[in-house]
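A.B. asks: For the sequence shown, full-length UniProt numbering assigns the number 1 to the initial residue and increments by one for each residue that follows.
Bear in mind the hints are in silico, worked out from the structure with no lab data behind them. Each residue gets a CB set at the ideal place from its N, CA and C atoms; glycine is no exception.
List time: in silico DMTMM-like cross-link candidates among lysine to aspartate or glutamate, alpha-carbon distance up to 25 Å:
| no. | residue 1 | residue 2 |
| --- | --- | --- |
| 1 | Lys-128 | Asp-296 |
| 2 | Lys-272 | Glu-196 |
| 3 | Lys-295 | Asp-52 |
| 4 | Lys-173 | Glu-11 |
| 5 | Lys-56 | Asp-296 |
| 6 | Lys-50 | Asp-296 |
| 7 | Lys-186 | Asp-19 |
| 8 | Lys-186 | Glu-11 |
| 9 | Lys-272 | Asp-19 |
| 10 | Lys-272 | Glu-11 |
| 11 | Lys-173 | Asp-19 |
| 12 | Lys-236 | Asp-296 |
| 13 | Lys-173 | Glu-196 |
| 14 | Lys-303 | Asp-52 |
| 15 | Lys-173 | Glu-158 |
| 16 | Lys-194 | Glu-158 |
| 17 | Lys-186 | Glu-158 |
| 18 | Lys-89 | Asp-19 |
| 19 | Lys-186 | Glu-196 |
| 20 | Lys-236 | Asp-52 |
| 21 | Lys-139 | Asp-52 |
| 22 | Lys-173 | Asp-191 |
| 23 | Lys-139 | Asp-296 |
Distance windows between CB atoms, simulated:
| no. | residue 1 | residue 2 | range |
| --- | --- | --- | --- |
| 24 | Asn-167 | Gly-25 | 35 to 43 Å |
| 25 | Pro-171 | Lys-220 | 44 to 52 Å |
| 26 | Leu-215 | Ser-270 | 23 to 31 Å |
| 27 | Gly-170 | Leu-305 | 51 to 59 Å |
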Amino acid sequence: MAGDNLTVVMEFILLGFSDLPKLQGILFAIFLVVYLSILLENSLLIFLTKIDSGLKTPMYFFLGNFSFLEICYTSVTLPRMLADLWTQKRNISFLACAVQTCFFFILGVAECLLLAVMAYDRYVAICKPLYYPLIMNHKVCVQLVVASWMIGVPVLIEQTYQIFSLNFCGPNKINHIFCDASPLFKLACGDTYKIEISVHVVAQLFILTPFLFILASYIKIVTTILKLPSTSGRSKAFSTCFSHLMVVGLFYGSGSIVYFQPKSGHSAGSVKVFALFYTTVTPMFNPLIYSLRNKDVLAALRKLLPK
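From just these sequences and the hints, can you work out the full model?
C.D. replies: Next comes the structure, spelled out in structure tokens:
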């Protein structure tokens, strides 16, 4: 390495919002409020699903786990971003960057899979109501949640290892708000084509496949609902699915813009905005979407909170 006059990158610099120096304090205050809101809202939803007897169903079991996942997912990126805005240092060690990338991958994939599990739960509830208690028993629900968390872990650890096995010998400034594959590839020395293809294939497998499963589930659900004889029955069935569909739309809509558009299709600034959307805005609004449109959750809140 010395003979080739190369240096080894030992740390990276997350540029984040360094191009907005006058707004650092305002951005810190905004993201702090957002993070605290995410923690409070999702923790409250978890608490309600644990203590309220009316929420002891598979749907709310999955919702409680989804809220916990949202807290973990946001905590991978937001605290680091808040620290960077507060201290203005922005340095992140090579190892810390690798750990952040790995957990971001694992939790992102877990969210995709858990959304697919929640779609399957709605499919069984609406399309096979007589068999619902038998199919979605507690043991199966636990197994589905554990599978959502764990199924992608070995592959994603391997993916992270491949990315950080690349040679980083030049610039070390990551033009993003957290460590992610795409901006890291831009800093790597040498050919990254094979690893980029590998990452893209894994993304297709763990992101696109659950989405197609969700889509197929809702095609069956809508077909079944339209066959219901009563208008009130159709309305009630649609209402149980609408919140989940909104969450899927927000998460996949913003994520697909970042990960499935051509590289020339968006600027670094727009990538940061959409990354913020699916890592912070969506986790903040998800509890509100589920609670405001859900009579059971609102009833549990009324029991918990004084008038």
